[in-house]
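Colleague: Starting from the known structure of chain A, fit chain B onto it as the hints suggest.
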Amino acid sequence: MATHLSSGFTKTEYVDPTPLPESVPKVDEVGATSAPLKSASFFIGQYCKAYNEDFMLCKAENNDPEHCLKEGRKVTRCAIDLITKLRENCSKEFDAHWQCLENHNQELYSCRKPERTFNTCVFEKLVCVIQFIFISFMYYFD
Amino acid sequence: MPVPFEALIPFGIIAAMFTVTGTGLNTVRYFANDRKPARFNVDVFDKAMMERDRRLTGSVRGQSSDPVAPAAFATNSVWYADVPRHN
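Chains as they are written, first to last, in our numbering: chain A, 1 to 142; chain B, 1001 to 1087.
Excised from the complex, chain A in its bound form (with noise of 0.2 angstroms):
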C-alpha cells in the first residue's frame, strides 16, 4: 500500500560546519565566481590541460568524490596560479571582458571586442612557452 507524502519538494536548508578531516591536506577553493571564469575558461583549458584530463580520467574510473581528491588538488592549485597570474598581468583587459560578460547574459558573442583585446594582452605578457614548462612539473608533488 502506498503512503501519501504531505508535501513535494523538500526546502529545509541544511548547512554542514563540519571541515574536512584533517588527514586530507588542505587546499584553499578557486574565489572567482562564474563571468570571470567564463571570461578565462579557454586559457584555464589550455594551461591546465593536464591536470584536467587527470582528473576527468580519474572521474570517469570511479564517480566517489573521495577517489579523486588528489587530482581535484592539483586542479584547484593550477586554476588559482593562472587567475592569480591573469590578474597581475592583464587584470584592465580581463575585468573589462567580464564586465562586459555580466551585462550580456554571460554570452561571448556578444563580448568580441573585449575579448580580442584580452587574447592580445595574454598572449603577449603570458604565452612563453618556457614558463608553461616549468610550471607545469611544480604541482606534480602533492
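Don't read these hints as lab results, they were simulated from the structure. Quick reminder that beta carbons are idealized off the backbone N, C-alpha and C, glycines included. One or more hints might be untrue.
Said to hold, decoys possible - Ranges of calculated distance between the beta carbons of each label pair, as one might list FRET restraints:
#1 B/Val-1028 x A/Phe-123: 22 to 28 angstroms
#2 A/Arg-116 x B/Pro-1002: 51 to 57 angstroms
#3 B/Ile-1014 x A/Pro-17: 52 to 58 angstroms
#4 A/Glu-61 x B/Thr-1075: 46 to 52 angstroms
What the hints assert, rightly or not - Short derived list, chain A residues pointing at chain B, Cβ under 10 angstroms:
#5 Gly-31
#6 Leu-37
#7 Arg-87
#8 His-104
#9 Leu-108
Modeller: Structure of chain B alone, referenced to chain A:
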C-alpha cells in the same frame, strides 16, 4: 476623404500603455539583478553556477575575480534535507 486622425488616438494610448508596462517591468528586473540586465535562458548548469556565486559573494549576480575563496566558502554549501519520515 482625409485620414481620420481621431481614430488613431486610442491606438496611441494603447501603445503608450504597453510601453509603460514593458519599461516598468524591465526597470524592476534591472534593479532586482544588482543593476545589471537580467539573465535569461538559464539552464541547470547556470543555476548551479549562480548558487556558487551566491555562496561566494552573497548575491546570485555578485561577481568577484579573487583567486582564493573566503574561508567560509568551504563549508557553506546548502543541502536540501528533511527529517526522517516514520511511515
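Colleague: For a quick check of understanding: which of the numbered hints are violated here, in increasing order?
Modeller: Checked against the structure, the hints that fail are numbers 1, 4, 9, while the rest are satisfied.
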